[in-house]
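K.L.:
Sequence:
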Amino acid sequence: MTGGEGPSGLWHFVVPAFGTLWAVVVDVMDHEIPDRIPIGVTLWAIGAEWLGWLPFSWSSLVLGFATALIAGAIGFGFHCLGGGDVKLLAALGASVGWSAVWSLLFWTALAGGLFGLIAAWRRERDLAFAPAIAVGLAAVLLMEVLG
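864 is the number of the first residue of the sequence shown in my numbering; add one for each residue after it.
Treat the hints as calculated values from the structure; they're not laboratory data. The C-beta atom is built at its ideal place from N, Cα and C for all residues, glycine as well. Check the hints yourself; a few may be wrong.
Simulated DEER-style distance windows between Cβ atoms [claimed, not checked]:
| # | residue 1 | residue 2 | range |
| --- | --- | --- | --- |
| 1 | Ser920 | Arg986 | 42 to 50 Å |
| 2 | Phe939 | Arg986 | 35 to 43 Å |
| 3 | Asp893 | Phe939 | 16 to 24 Å |
All chains, please: the whole structure from these sequences, using the hints.
P.N.:
Set out below in structure tokens:
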């Protein structure tokens, strides 16, 4: 995920990162992610790709979106994720592209499992999943920085 015609560096992660942080705050407080967050992140990814600012192709954006959406739908089917979590994952899949979506999903699942174990140990029934998604995105960012 390097290159691109837009400004150099990790600038293309700014909107997805802030959207995810916003989702974390709202999800922890209300256990719900408003639709405007994943819709905004998805529209940003589409616009940034259209302007040639993302370091990957349209097909990578679509495959990242679809892969994260399918993985999220599976988690939703097993009652592990809520609808907002699925939509946020799909938006981030579009934002990171095909090559990074697998890392996003892996680290999100790992963090979600760890957070779930901690919640079970504390005998908590409700778990906000946006923090696990934020860990997944942070891992993708870290891997981008480290190359």
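K.L.:
Does each hint hold? Answer for all of them.
P.N.:
Quick rundown of the hints versus the structure:
no.	hint	in the structure
1	Ser920 - Arg986: 42 to 50 Å	holds (47 Å)
2	Phe939 - Arg986: 35 to 43 Å	violated (24 Å)
3	Asp893 - Phe939: 16 to 24 Å	holds (18 Å)
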